[in-house]
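Asks: The lines below spell out each chain.
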Amino acid sequence: MSKRKDRMVLGINGGALGGHLGGWRHPDSFPDTTMRLDRMIETAVAGERGKFDFMFLADGNGVRQMDKPLLFAANSPSDRPSVFEPVTLYAALSQHTKHIGFVATATTSYEEPFMIARKFASLDHLSGGRAAWNLVTTQYVEDAKNFNRDEHMGREERYERARESLDVVRSLWDSWAEDAFIQDKATGRYLDPARVRLTNHRGKHFKVKGPLNVARTPQGQPVVFMAGQSDDGKELAAYGGEGLFGTASSKDEAMAEYADIKGRMPKYGRPPEALKILPGLSIYVGRTEAEADDLYGELQSLISPALGVTYLSKIVGFDLSRLPLDGPVPDAPASQALGGTAIGRSVLEMAHRDKLTIRQAYERVLPAMAGNMVKGTAAQVVDFMEDWFQSRACDGFILSVPVQPRSLKSFIDLVVPELQRRGLRPEDYVGSTLRDNMGLARPVDPFTRERAAS
Amino acid sequence: MMHLATIPNLVGGHLGGWRHKDAFDQPVMNLEAFIEMSQIAERGKLDCVFLADGNGVRDMHMPALFAANHPSARPAFFEPTTLLSAVSMVTKKIGVVATATSTFDEPYMVARRFASMDHISKGRAGWNLVTASNAGDALNFGLPPQARDDRYARAQEFYEVVAKLWDSWAPDAFPQNKETGQYLDPTRVRPTDHKGTFFDVKGPLNISQTPQGRPVVFMAGQSEPGMELAARYADGLFGAGTTKQDCIDAYANIKGRMVRYGRPQDHLKILPGVSVYVAPTAAEAEEFYEELQSLISPVLGVHYLSKMLVRDLDGLPLDGPLPDDMAEETVGGSSLRRYILDMAKREKLTIRQTYERTLPALGGPVFKGTPTQVADEMEDWWKSKACDGFTLLQPVQPRGLRDFVDLVVPELQKRGIFRKEYETSTLRGHLGLPEAPSQWQPTAAERGAA
Chain A
1 MSKRKDRMVL GINGGALGGH LGGWRHPDSF PDTTMRLDRM IETAVAGERG
51 KFDFMFLADG NGVRQMDKPL LFAANSPSDR PSVFEPVTLY AALSQHTKHI
101 GFVATATTSY EEPFMIARKF ASLDHLSGGR AAWNLVTTQY VEDAKNFNRD
151 EHMGREERYE RARESLDVVR SLWDSWAEDA FIQDKATGRY LDPARVRLTN
201 HRGKHFKVKG PLNVARTPQG QPVVFMAGQS DDGKELAAYG GEGLFGTASS
251 KDEAMAEYAD IKGRMPKYGR PPEALKILPG LSIYVGRTEA EADDLYGELQ
301 SLISPALGVT YLSKIVGFDL SRLPLDGPVP DAPASQALGG TAIGRSVLEM
351 AHRDKLTIRQ AYERVLPAMA GNMVKGTAAQ VVDFMEDWFQ SRACDGFILS
401 VPVQPRSLKS FIDLVVPELQ RRGLRPEDYV GSTLRDNMGL ARPVDPFTRE
451 RAAS
Chain B
1 MMHLATIPNL VGGHLGGWRH KDAFDQPVMN LEAFIEMSQI AERGKLDCVF
51 LADGNGVRDM HMPALFAANH PSARPAFFEP TTLLSAVSMV TKKIGVVATA
101 TSTFDEPYMV ARRFASMDHI SKGRAGWNLV TASNAGDALN FGLPPQARDD
151 RYARAQEFYE VVAKLWDSWA PDAFPQNKET GQYLDPTRVR PTDHKGTFFD
201 VKGPLNISQT PQGRPVVFMA GQSEPGMELA ARYADGLFGA GTTKQDCIDA
251 YANIKGRMVR YGRPQDHLKI LPGVSVYVAP TAAEAEEFYE ELQSLISPVL
301 GVHYLSKMLV RDLDGLPLDG PLPDDMAEET VGGSSLRRYI LDMAKREKLT
351 IRQTYERTLP ALGGPVFKGT PTQVADEMED WWKSKACDGF TLLQPVQPRG
401 LRDFVDLVVP ELQKRGIFRK EYETSTLRGH LGLPEAPSQW QPTAAERGAA
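Here the protein sequences come in this chain order: A and B. The numbering used here puts the first sequence at residues 1 to 454. The numbering used here puts the second sequence at residues 1 to 450.
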């Protein structure tokens with residue numbers, strides 16, 4: 001297979017907390033992180049120094065794990081009991097940075113398409129073309145109770161709604177022609193009424209007239225990310241995703257998934273390069289292998305078995321705390337046969353495939369939040385990344401770093417130069433927008449499309 | 001001390017404002033211009049900048065008016081909480097107040113955005129709660145136009161849920177103790193468990209207690225249910241009234257209602273909107289005013305008045321009176337509509353005279369003249385208990401705000417009725433508001449035992 005000529009896409013996942021459950025307790029972590037804007041600014045500025053394409057923030061609309069006080073009090077990195085609302089946070093960070101992109105999560109299950117379209121369009125203007133929306137349908141059922149519902153919507157309904165919401169949001173982003181706002185003081189024509197169009201959407205889940213009250217954005221449209229790994233999620237990504245946070249737990253799995261999702265794109269008239277598939281990857285890097293091993297060992301030792309088992313229970317979606325620590329991981333209970341998350345299912349598969357005990361399973365899951373990890377020197381880390389990239393297991397990665405700010409700094413100082421030396425990453429930002437830097441085409445506005453067609 | 005908010009609308013408050021030679025050349029989505037405005041306001045030690053907002057493109061059915069862009073149309077503008085989060089990075093003291101609607105948004109989302117903004121700005125955030133009177137906006141949310149009473153019933157419950165969500169966490173809930181591994185204290189957070197007519201919200205909010213305890217809450221409604229809700233819950237009120245006497249009456253009315261909720265009158269600051277045309281001499285102020293009036297053709301003036309009154313006046317004699325069958329209430333009409341109608345009736349104005357009076361100030365009062373004259377009027381209104389301060393509109397930006405800050409603010413400071421420096425760093429502090437009540441504050445008994 002010939003070597004790829006395109007650039008590897010690189011994002012940094014999370015903020016100031018670190019991705020390992022024990023990360024915040026490490027001596028080299030920030031002394032405190034809750035609602036510390038200065039730490040987020042420091043992270044964004046560091047990311048820009050490392051020429052990362054974007055920061056990525058997962059998000060939810062609820063306080064989670066309150067029914068598991070041990071885990072709740074220990075603050076697992078993906079539970080976020082107290083974090084900034086991501087779009088307002090990025091609006092603030094946009095004033096401290098110039099190049100790094102901002103991927104913020106918003107859910108189609110509880111938010112109106114008009115509101116979503118507006119806040120991301122606003123962020124795209126504020127940041128000069130660096131905004132992306134990570135579309136999620138929300139997996140955590142308890143969040144529903146913050147939005148007038150006792151039960152979460154089923155997956156099928158969530159994805160049907162998500163697709164309709166995406167269509168509406170994109171149509172709203174297409175409301176105005178690039179040149180709609182004349183702002184001519186002499187004639188008094190502020191805007192051209194012929195250069196704006198209604199959305200007039202009437203669908204199963206939404207009725208939205210439009211147009212959006214934000215001018216066309218610097219990127220034409222903000223970039224759209226997704227994260228779902230279910231069949232519905234893959235289909236939606238092929239239909240309309242431009243970035244995909246992958247969760248495949250091995251290279252073979254990632255290659256199969258890559259081929260599967262890209263193979264679904266032609267039927268929507270989309271070339272494969274219009275979607276970047278970016279698996280999560282946790283990085284434990286040191287100047288020597290021993291240094292990387294030490295960091296890893298230090299972090300693992302911070303987690304008590306009780307906490308580890310609770311964490312694993314949360315990931316797989318059922319309680320393991322009454323089972324023997326050194327006994328096997330059981331199958332999911334029948335009640336969960338159709339539910340659970342993609343990550344939960346992939347962890348169970350791994351545990352069964354590798355015949356892990358409960359203790360071994362949580363020890364495997366901790367360092368990478370159940371995703372992929374690589375540990376070693378910069379050369380070893382880059383070997384791993386290059387292999388996945390060249391094997392078309394991915395188009396790049398969304399990195400998780402275990403201890404902040406130490407781990408991001410190590411990655412930037414040790415790994416980034418090696419990536420650049422091998423030509424996998426550019427020496428500097430190639431463009432001024434997130435689309436430019438990710439190698440995504442800029443959408444043409446419908447007015448120009450119509451003119452070209454006539 | 002008088003309190004001053006400003007609406008840093010980049011197109012200015014006069015329908016012709018954006019066309020004036022001293023106006024910003026490219027106001028659409030212009031972040032730099034907005035930052036400049038906020039910094040001028042901070043230089044003037046103003047309490048806050050305030051952004052009105054809506055969720056729709058308006059007046060598309062009136063192409064002449066639509067193309068001319070009247071000041072409250074906002075066909076293309078930043079979403080206000082994102083804009084003000086950015087602006088709080090380039091200012092240090094001034095409050096930032098954004099509008100969000102209780103009619104189309106979710107309490108959990110609103111609580112979250114404003115709590116986030118309060119943390120980002122380190123205690124300078126305010127939420128202007130509106131019920132969205134514009135009928136067309138509902139069509140962006142799959143809803144029919146909402147009747148006023150329903151909107152306010154929902155608004156009251158919405159506010160109550162948001163206030164409870166903001167009080168989810170105790171101030172000491174996040175020990176973040178590396179030694180013990182206790183990041184948070186599960187006993188220092190409580191669910192909201194709200195079950196009401198419009199909302200069921202379990203809570204808690206996923207944001208710790210904010211620097212202000214809770215962001216400052218403004219309201220704007222002047223209707224009967226609007227005044228009642230403000231008396232009960234608002235910290236600030238963007239009032240409206242065309243005359244000093246209107247404002248004196250409204251002030252007494254609203255403050256009088258506070259008693260039944262056990263609230264001291266100074267816990268709500270009433271800041272009526274006023275448009276300022278100021279210049280070093282009275283002749284220059286007059287000239288400025290006329291320059292702007294001359295930019296508006298009669299056709300455009302009539303369209304604008306039609307919009308404000310929610311009634312098509314096209315084709316009626318310019319120099320005749322308004323039709324005498326104007327409805328008392330309309331869905332989609334605002335308090336301004338009533339003020340304009342009252343003014344036209346009281347002063348027996350023609351259609352032309354009515355639009356000419358409406359143009360310079362969106363139907364609100366105008367203070368025009370030298371710095372001394374403007375300060376005299378402001379002081380008079382303030383001392384007459386017509387208000388606790390003002391929400392300033394300037395006809396042309398950035399000239400209007402700059403002139404106000406350079407000419408009028410020093411005069412107010414000289415008279416000792418406006419601050420010379422910020423004395424606090426939070427919006428709650430600037431406005432002289434009490435600490436927000438919280439379920440986590442020790443009770444009197446607990447304080448006594450300690």
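Fair warning: there could be bad hints in the mix.
Under the rule of at most 30 Å between Cα atoms (straight-line distance), these lysine-lysine pairs were calculated in the BS3-like manner [what the hints assert, rightly or not]:
#, chain 1, residue 1, chain 2, residue 2
1, A, Lys145, A, Lys51
2, A, Lys314, B, Lys383
3, A, Lys267, A, Lys251
4, B, Lys195, A, Lys68
5, A, Lys145, B, Lys383
Short derived list, chain B residues pointing at chain A, Cβ under 7 Å [what the hints assert, rightly or not]:
#, residue
6, His119
7, Gly142
8, Ile207
9, Lys244
10, Ile248
11, Trp440
12, Pro442
13, Thr443
Computed footprint of chain A on chain B, listed as stretches where at least three residues anywhere in the stretch have a Cβ under 8 Å from a Cβ of chain A [said to hold, decoys possible]:
#, region
14, 99-106
15, 223-232
16, 265-278
17, 356-362
18, 393-402
19, 413-424
FYI, nobody ran anything at the bench for these hints, they're computed from the structure. Think of the CB as a built atom: it goes at the ideal place given N, C-alpha and C, for glycine as much as any other residue.
Asks: For every hint, state whether the structure bears it out.
Replies: Status of each hint after checking the structure:
| no. | hint | result |
| --- | --- | --- |
| 1 | Lys145/A with Lys51/A | violated, 40 Å |
| 2 | Lys314/A with Lys383/B | violated, 62 Å |
| 3 | Lys267/A with Lys251/A | holds, 26 Å |
| 4 | Lys195/B with Lys68/A | holds, 24 Å |
| 5 | Lys145/A with Lys383/B | violated, 49 Å |
| 6 | His119 | holds, 5 Å |
| 7 | Gly142 | holds, 4 Å |
| 8 | Ile207 | holds, 5 Å |
| 9 | Lys244 | violated, 34 Å |
| 10 | Ile248 | violated, 36 Å |
| 11 | Trp440 | violated, 15 Å |
| 12 | Pro442 | violated, 22 Å |
| 13 | Thr443 | violated, 25 Å |
| 14 | 99-106 | holds (count 3) |
| 15 | 223-232 | violated (count 0) |
| 16 | 265-278 | violated (count 0) |
| 17 | 356-362 | violated (count 0) |
| 18 | 393-402 | violated (count 0) |
| 19 | 413-424 | violated (count 0) |
In summary, the numbered hints that this structure violates are 1, 2, 5, 9, 10, 11, 12, 13, 15, 16, 17, 18, 19.
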